[in-house]
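Student: Here is what each chain is made of, one letter per residue.
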Amino acid sequence: MSKTASKLEAIDLNAYYGDFHALKNINIDMEEKAVTAFIGPSGCGKSTFLRTFNRMNDYIEGFRVEGQILIGGQDIYQKNVRVDELRKEVGMVFQKPNPFPKSIYENVVYGLKIQGIKKKSVLEEAAETSLKRAALWDEVKDKLHKSALALSGGQQQRLCIARALAISPSVLLMDEPASALDPISTAKVEELIYELKNDYTIVIVTHNMQQAGRVSDSTAFFYMGELVEYAKTKTMFTSPKDNRTQNYITGRFG
Amino acid sequence: MTNSDINRLKDKAFQVFGIFCTFIGLVVLAVFLIDIIVEGITRIDWDFLTNLPSRRASRAGILTAWVGTLWILVLTTLIAFPLGVAAGVYLEEYGRKNRLNNFIEINIANLAGVPSIIYGLLGLEIFVRQMNLGGSLLAGALTLSLLILPIIIVTTREAVKAVPRSVRDGSYALGASKWQTIWNQVLPASFGGILTGIILALSRAVGEAAPLIVIGALAYVPFTPSSPFDEFTVLPIQIFNWTSRPQEEFLTNAAAAIIVLLVITFLLNGIAVYLRNRQQKKVKW
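Sequences listed follow chains A and B, in order. Taken in order, the first sequence gives residues 1 to 254; the numbers are from full-length UniProt numbering. Taken in order, the second sequence gives residues 1 to 285; the numbers are from full-length UniProt numbering.
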């Protein structure tokens, strides 16, 4: 996978948890270096879909996928794809900030260390660059070796973003990254997303319509495991084609 | 009396009953401790700790017994720690939910309840006879390892299970393999709990006499062991031996040895509590 080819596609994708049909025949084509938002009511499959792009669902017993997920044209569910290689390209930020119970520095360099990179100068430089990119450097530069768990929730989430950036992925998956944060931290994370899209292909799951409107270029609306509508965010929010989309974004259900 | 009065009365009654029950246990323990200490504390001196066993009570010491106990502690730790932790991690992290693993799990839980003398018989057959180790320290340590393995496995599993899913997810999402995640995240985060379990298991092993008597540990060993293949005795066996003698002086010796054994056990428990508290302070989810 090359850095420039980070276009995300799904072709006839179906996913199951045991007997439950979680994703139904999804076809989508997402732009490179842009922000795509997944919206929809709880349980509609948007998080499941997000997690197929770095195969985080592999750990769930009874989960299986049919169809194709292409990243830069390559089917990532092929047998010869190594999951650890895939995840170097596709970073992920979770709903609840989940820093490791280690120092701030150790959190950021973890991804590099498990790749076998030991050289201190390389690690330190990567830590500084990533923390700067995540707009956290100024707040933590004097306490890099303090516990990450002592940071505030918003800082922890930006640390998790820095941690994901440190291994230089080309795609960033964000699963409701601001839902556990206060408004000020949320604004910071959104600003960050806006900056990062110059270099990364970003997919963000969100429950917050305003957030989808503010940060995303395109929006996909999911309902009961189906991709109901996918369009430029502006178009979708002003003139949705499907009735269900209209009802959802105007707050009539969900 | 209204309904709520009756409820309040019941509440009070149960509280009093609870306090009473708590005190029964504590009082019995306290009486026992005081009795032992009064009887034995004056007998403990340097000579008592450094003398070899003797037929004359006033000259008898517990050197071979406590050195033996220390040997057993160290050897048992070396054997049971890697085996128990590895088995616990396997069952919790790798073991899939199939028949075989269910069977293993149920049996481990059952093994924790098997009387220790049965382990002694097992040790006698396997280690002493089949493996030809004789009544040696190694045979004893192996037997006690079998005895405490179930405890270590169960506490390891509990500690590993307590590490939140989100930490593992974070590690996997950065490209870590399962083993890297276990080694770098799960084990460090659960180490306090694992250590606590091991120490508590060891403090149980330290007090065991029955399985060691079965495998042929002797009360009278005229030398301190210098290798794992030497014969040995331990404090509980020495105590057992002394309490079964008719002379009053030997009972005093036994009381003194019990104090030493209690000190070792309390020390181990103290370390366990300390480690657990430190861990709880360090890791906050």
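Some clues are possibly wrong.
Unchecked claim - Straight-line C-alpha distance at most 30 Å; calculated BS3-like pairs for lysine-lysine: (1) A:120 x A:146; (2) B:161 x A:146; (3) B:161 x A:102; (4) A:146 x A:234; (5) A:132 x A:79; (6) A:96 x B:97; (7) A:96 x B:10; (8) A:24 x B:97; (9) A:132 x A:146; (10) A:119 x A:146; (11) A:119 x B:178.
Just so you know, the hints here were simulated from the structure itself, not pulled from any lab data.
Student: Are the hints correct? Go through all of them and say.
Tutor: Structure-based check of each hint:
1. A:120 x A:146: Roughly 18 Å between the alpha carbons, so the hint for residue 120 of chain A and residue 146 of chain A holds.
2. B:161 x A:146: holds (26 Å)
3. B:161 x A:102: holds (19 Å)
4. A:146 x A:234: Judged against 30 Å, a Cα distance of about 43 Å means the pair is violated.
5. A:132 x A:79: violated (37 Å)
6. A:96 x B:97: Holds - the C-alpha atoms of residue 97 of chain B and residue 96 of chain A are around 28 Å apart, at most 30 Å.
7. A:96 x B:10: Distance ~45 Å between residue 96 of chain A and residue 10 of chain B Cα, so the pair is violated.
8. A:24 x B:97: Given pair residue 24 of chain A, residue 97 of chain B holds - Cα atoms ~29 Å apart, limit 30 Å.
9. A:132 x A:146: holds (18 Å)
10. A:119 x A:146: Roughly 21 Å between the alpha carbons, so the hint for residue 119 of chain A and residue 146 of chain A holds.
11. A:119 x B:178: Within the cut-off at roughly 24 Å; holds.
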